[in-house]
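Using the sequences and the hints given, assemble the complete structure.
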Amino acid sequence: MIPTEMAVLLSVVLFVLGTLGVLFKRNAILVFMSVELMLNATNLALVAFAQQWGEETGHLFVFFIITVAAAEVAVGLALIVAIFRTKKSINIDELHQLEG
Amino acid sequence: MLQIPTLESLNMGVAIPALSVAVWACVLLVIDLFIPKEQKSRTAWLAAGGLVFAFIANLFTFNTSGDAFLGLFVADRFGGFMNLIILVTGFISIVMSIDYLKRIGIEKGEYYTLMLFTISGMMFMVSANDLIVIFVALELLSIPLYVLSAFRAPDVKSEESGMKYFILGAFASAFFVYGAALVYGATGTTNLPQIFQTISGLDLSQNSNVLLLLLGSGLVLVGLGFKVAVVPFHAWTPDVYEGAPTSVTAFMSVGAKAGGFGALLRIMIVGLPSFVLIEGANAAWQQVMWIIAAATVILGNFVAIAQTNVKRLLAYSSIAHAGYILMAVAAAGTAGVGEAAATAALIYLLAYAFTNLGAFAVAMAVEKDDGTGTNIEDFDGLAKSRPILAVMMTGFMLSLTGIPLTSGFMGKLFVFQATLDAGLVPLAVIGVLTSIVSAFYYVRIVLNMYFKEAPGDEAKGATPYLNWAIYAAFAATLLLGILPAIATGLTEGGLFAVIP
Chain A
1 MIPTEMAVLL SVVLFVLGTL GVLFKRNAIL VFMSVELMLN ATNLALVAFA
51 QQWGEETGHL FVFFIITVAA AEVAVGLALI VAIFRTKKSI NIDELHQLEG
Chain B
101 MLQIPTLESL NMGVAIPALS VAVWACVLLV IDLFIPKEQK SRTAWLAAGG
151 LVFAFIANLF TFNTSGDAFL GLFVADRFGG FMNLIILVTG FISIVMSIDY
201 LKRIGIEKGE YYTLMLFTIS GMMFMVSAND LIVIFVALEL LSIPLYVLSA
251 FRAPDVKSEE SGMKYFILGA FASAFFVYGA ALVYGATGTT NLPQIFQTIS
301 GLDLSQNSNV LLLLLGSGLV LVGLGFKVAV VPFHAWTPDV YEGAPTSVTA
351 FMSVGAKAGG FGALLRIMIV GLPSFVLIEG ANAAWQQVMW IIAAATVILG
401 NFVAIAQTNV KRLLAYSSIA HAGYILMAVA AAGTAGVGEA AATAALIYLL
451 AYAFTNLGAF AVAMAVEKDD GTGTNIEDFD GLAKSRPILA VMMTGFMLSL
501 TGIPLTSGFM GKLFVFQATL DAGLVPLAVI GVLTSIVSAF YYVRIVLNMY
551 FKEAPGDEAK GATPYLNWAI YAAFAATLLL GILPAIATGL TEGGLFAVIP
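Chain order of the listed sequences is A and B. Heads up, the first sequence is in this note's numbering, so the first residue is 1 and it goes up one at a time. Heads up, the second sequence is in this note's numbering, so the first residue is 101 and it goes up one at a time.
Misleading hints may appear alongside valid ones.
[To be verified] Reference listing, derived: stretches of chain B covered by chain A, where coverage requires no fewer than 3 residues with Cβ under 8 angstroms from a Cβ of chain A: (1) 243-250; (2) 261-268; (3) 334-347.
No lab work stands behind these hints, which were simulated from the structure alone. Every residue gets a Cβ at the ideal spot worked out from N, C-alpha and C, and that includes glycine.
This is the structure:
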């Protein structure tokens with residue numbers, strides 16, 4: 001059996017990678033993928049904790065997260081397509097109409 | 101073994117207000133297909149009718165308390181009061197939108213169904229008794245709002261607003277859910293009362309789980325902090341509020357905050373009140389809340405002074421008001437003050453809801469068809485061209501400042517009282533001082549309306565429905581300021597079903 005600490009440690013590494021990706025990537029799709037990485041890090045942690053506690057709430061939580069992530073993908077990609085049609089670019093640094 | 105619950109054990113009756121909005125949203129999505137394009141105001145009235153039904157159902161369930169869905173959902177006075185705020189806000193927002201959407205050329209039926217979905221998300225969020233439900237409700241609240249912010253596409257500002265809100269909102273949700281996972285890791289449950297029991301049983305000073313719990317509750321706080329826009333997680337607010345259609349801004353500045361604070365208060369008061377690191381001290385999160393609340397009111401109020409666009413100004417003002425509500429949350433960290441602090445937060449939210457909706461509604465009336473015309477100069481001379489509108493706006497500005505006889509004053513009074521009860525005297529002082537600072541930028545709008553020459557372009561957007569909404573908001577602002585007992589009476593008799 002994989003010790004909980006190792007799985008949680010891996011999930012922390014993935015979560016931090018995702019966070020850094022959101023903060024430093026400039027392409028909207030890469031930013032978006034980084035968010036997904038953070039959510040999947042959460043899934044890993046939940047499964048590990050569920051194994052540690054020997055009960056199924058964690059597993060259930062994972063299903064909800066997967067479903068919600070799918071809904072988020074649908075809306076997010078639609079927004080990216082809409083922005084690309086108007087601006088012909090999905091670089092988030094070029095989103096600067098609203099400043100003041 | 102997995103047991104299939106019986107229908108009775110789900111006890112769905114107490115969840116009817118929130119359920120009815122969610123179900124009606126799905127039904128309306130289909131009905132809307134059969135409504136011809138030029139008659140989309142029918143969809144609006146059907147949506148508003150659904151909210152009226154939920155409002156009446158909420159009155160019936162107001163005094164019942166009990167949990168539904170096997171403890172995932174809890175109905176109590178706190179949730180009932182929040183539902184009142186959310187439903188009234190939603191109703192007024194829908195009525196305000198009808199003419200506005202037509203005027204700026206984005207009248208589509210989906211707008212109203214998306215509104216219903218996000219309203220149902222808020223209602224589930226304030227009654228959620230489990231971290232899983234809070235997460236799902238948070239997403240049900242947020243995802244329609246991302247779409248609504250970008251509803252004016254292909255207008256590039258609106259798309260940008262939706263995109264920024266989406267990226268930061270998804271980022272915040274990821275923080276929230278990771279925090280929830282860590283809390284689960286520390287306690288072995290996601291149910292708030294069970295988290296409370298587990299924490300009470302632990303000796304936190306020498307338990308290795310305390311690090312998980314500390315990190316987990318911190319990340320949950322970060323996630324919800326993004327949603328309610330407190331410093332340092334506020335950076336998205338001005339951009340999103342400015343770019344989104346004004347009717348959406350008005351709605352989300354109130355509704356999303358109500359949902360976020362509902363969940364935050366419930367987590368802190370029901371789930372984590374006994375999270376005490378040193379024996380006999382206040383809850384471990386109080387100090388953090390204290391600092392965030394102080395930073396939020398200071399930054400929100402001072403940056404608002406420099407704004408020239410009214411939508412941006414109201415965005416910073418909404419950050420400041422989130423700070424005042426957070427003061428009440430901080431006060432809840434002292435043992436025994438939880439109930440009073442939650443009452444203060446509820447009264448403040450109610451007062452703020454009407455006032456802020458009204459202020460944004462006046463901005464909608466002044467706004468031009470192409471989405472420009474919300475600078476402070478555009479309010480010049482409004483007292484001559486639209487005297488009634490100017491009086492209303494003055495009322496809203498005074499209420500946001502917190503002048504006596506308005507609802508804003510009552511809200512601040514309750515919050516500062518709770519802060520003092522909790523022994524956080526410096527925080528209350530900061531609150532009072534920043535309220536005085538806020539007068540500077542609110543009164544500037546009033547002065548512009550009364551003492552500057554009209555540019556000749558009067559408020560064309562002041563259509564009948566919008567005017568009704570403004571009058572209703574104004575009446576509620578005054579009524580709550582003069583007779584606060586109407587609101588406080590509803591909170592009597594215990595807010596939370598499970599008082600620790």
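>> If you count the residues of the region 243-250 of chain B with a beta-carbon closer than 8 angstroms to a beta-carbon of chain A, do you get 3 or more?
In response: Holds, because 4 residues of the region 243-250 of chain B bring their Cβ atoms closer than 8 angstroms to Cβ atoms of chain A.
> Has the region 261-268 of chain B got at least three residues whose CB is nearer than 8 angstroms to a CB belonging to chain A?
Replying inline: holds (count 6)
> Holds or violated: the region 334-347 of chain B covered by chain A, criterion of 3 or more residues with Cβ-Cβ distance under 8 angstroms?
Replying inline: holds (count 4)
Figure legend: structure checked against the earlier numbered hints; every hint is met.
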